[in-house]
Amino acid sequence: MNKPLIATTSLAGCFGCHMSIMDLDDRILQLIELIEFNKSPINDIKTLSKECDIGIIEGGCANSDNIRLLKEFRKNCRVLIAVGECAIMGGLPAMRNNSASISECLQEAYIDCVSVQANDEGLIPNDEELPMLLDQVYPCHEIVKIDYFIPGCAPRADLIWDVLTALISGKKMELSYECFKFD
Amino acid sequence: MDTKTIKSESAAITAIIAGHNNNSTDLMDILIDVQERFRFISEEAVGIIAKAISSSISEVEQTLSFYHFLSRTPTGKYTVYLNNSAVAEMMGRDEIAQTFEEEAECEFGTVSEDGNIGLFHTSCIGMNDQEPSAIINQRVFTSLSRKGVIELVHAMKNGVEIDDLPGTGVRSNIIRPGPILTMEAQPAEILKKTVSRKPEDVIAEVRAANLRGRGGAGFLTAMKWQLCRAVKAERRYIFCNADEGEPGTFKDRVILTERPELLFAGMVIAGYAIGAAEGILYLRYEYKYMAEHLEDVLRQMREDGLLGKSAVAKQDFDFDIRIQFGGGSYVCGEESALLESAEGKRGEPRDRPPFPVEKGYLQQPTVVNNVETLCAVAKIMLKGSNWYRALGTVESTGTKLLSISGDCERPGVYEVEWGFNVNDILRMVGAEDVQAVQVSGPSGTCIASSEFNRRLAYEDLSTGGSMIVIGNQRDLLKDIVLNFTDFFISESCGSCVPCRAMTIQYKKKLEKILRGNGVAADIDQMLSWEKVMLVNRCGLGQTAANPILSTIRNFRELYNSRLRKHTDFVSEFDLSAAVRESCKITNRIPGPGGG
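Chains as they are written, first to last, in this note's numbering: chain A, 1 to 183; chain B, 1001 to 1595.
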């Protein structure tokens, strides 16, 4: 039997959840015995080249490219998992949702902010290559159907390990209180 | 503002702070006094306070920004806080709100142009049996009608003194008094009996009565006292938690109004039992109107020798009681948040352990007891544990005060023995055609008629005392569950992520379902998020999704009937609308599909 295929990506996240995957340490070696990575920052494969069994999404949707990629993952992954606070509820990027409009955000980022230098003309980047910012930062479950949620900021490596091995083996996993209670 | 005015204002603020001995732990009192005097707390005031109490501006701002009755911007000469609880809405709050806006000529959340009237929403103010109701400058106005509001605003426009405004007054509505609410002895008799025994024996008596905390959690009172007494410390504190903020609860308000002597006697007993030198009544700001009355009772008790040095003529028992006001925050009903607030900080729950009995107020061993618990203690000392144990059930001894409101003929306070079933209660309050009963407020559970045979008891249907009757004419999800969810969103202290942010996801899902765009997967997702809510530090945060979760469990058909069938998923997201603003700013045209 072929090994299950996993693809991962980070949308409007900080790559902290991917750092947590790296935090599996030597279990990464065990993991690649069990699965094969397709598109992922872990192996630097840039595009989804096959239909995958499991898709892992870090981060919410802040721009049009996030939406495109999330939909592409949904289309190509049998099971889609939202990992971490940003994917589940928007997280830190969503702080802009109730406090500033897009124009205020851009004005602050490129014109008003004290650290802005050499933008005397007051330009706001508008290259065709750039994705469009969305009016809000959206959690993934509002855009596509999400099958599972792994909570945490970032979720601990152990939790990610438990979820993946349970999914691959088809066994029910127990979410103990301690595994995502931090303080 | 001219220099002279600024100078006199600074002097007034400095005097207020001096009145609190420039003490940083008195920050709540200082802020409340400044707020009441100037109707807001200015940037200058924050600076003066920070300097005087040797704190920083950001620390003062932190506390100030946490409480919704404290404001950095002017709130008007008359500040109207209209209750927005679900029961207020059931009783016609919308029309009242609209009348306020029309008459005062300003919208909610703003102050009229002349700075005279400010209109604001506020969470449940403990008047569910006489809604719609509002607080105006610490006075409560109940059972508001459209005509009443017109008169009220007219009077405010004419500058009528706050005490002369028409329609002020709170009714106690005791419909069924029981042993706690019938006064059989003066506090002096109860306290003399108490101090004639050793503190250990007092604890033993309360233990024998099997008294459990009446705030909702049901912890054994005697055990809490014993744990606190066992900790070596220079000073111990007994707090009475009178921050009843759970929507639908108002029984503590009635006890504080009708039986304050009994409550204060209970505090003295607890203080004696644990070896405390000070009792502090943490009273929610919504009940500020009672301050004078309660201070009078305390003064009388001091005159009678029941408080102060050698209280109750007991040598070496120095004990006094003071009142600490909150500033408007539901979370402060959680005991560790209450202690933080009493120390002049944001009312955010502490992580445990250590528990308050080890390190509580000012890091000293502290017991926090509910108002009703302390009243029960006083009765137990008077009549004995055998008498008390004979009331109620084996596991739930004594009586329980219920605050009953909503769709019933006789809303008010009922004192019943534990063991009453819900049907008995509904008959008692005159409720017919009942769709649901919300037991213990939004953080509790919403039960359907199939569960009305359940008994109120710790071993069956546990309750802190709030019961809201919801008639069949109501749209349970839209009128009640959505309101409760909004309540949790606005009252989250913000400390834990799921309580702060997951509640918003819950609300958005519920709204999606109410718009007719929900699918079965949305319900499954909401259920799957339940475990995430347990990450929250305090019991209030952990129950913040209960309005939705308990109705999914008990009223699933209400959800199902609104779901879209035969479809896996519906997204309400509209990409072209979402990029419209950024396209406009950057002069770009959205590509196919909006991206």
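To be clear, the hints were calculated from the coordinates, so they are not data collected in a lab.
Take the hints with a grain of salt, since some may be wrong.
Below 20 Å or equal to it, Euclidean Cα-Cα: the simulated EDC-like pairs (lysine to aspartate or glutamate) are [as the list claims (entries may be wrong)]:
{"no.": "1", "chain 1": "B", "residue 1": "Lys1509", "chain 2": "A", "residue 2": "Asp147"}
{"no.": "2", "chain 1": "B", "residue 1": "Lys1531", "chain 2": "A", "residue 2": "Asp162"}
{"no.": "3", "chain 1": "B", "residue 1": "Lys1508", "chain 2": "B", "residue 2": "Asp1524"}
{"no.": "4", "chain 1": "A", "residue 1": "Lys181", "chain 2": "B", "residue 2": "Glu1530"}
{"no.": "5", "chain 1": "B", "residue 1": "Lys1584", "chain 2": "A", "residue 2": "Asp135"}
{"no.": "6", "chain 1": "B", "residue 1": "Lys1584", "chain 2": "A", "residue 2": "Asp162"}
{"no.": "7", "chain 1": "B", "residue 1": "Lys1512", "chain 2": "A", "residue 2": "Asp162"}
{"no.": "8", "chain 1": "A", "residue 1": "Lys71", "chain 2": "B", "residue 2": "Asp1574"}
{"no.": "9", "chain 1": "B", "residue 1": "Lys1507", "chain 2": "A", "residue 2": "Glu142"}
{"no.": "10", "chain 1": "A", "residue 1": "Lys71", "chain 2": "B", "residue 2": "Asp1568"}
Q. Checking against the hints above, which ones are violated?
A. Of the numbered hints given earlier, those the structure breaks are 6 and 7, listed in rising order.
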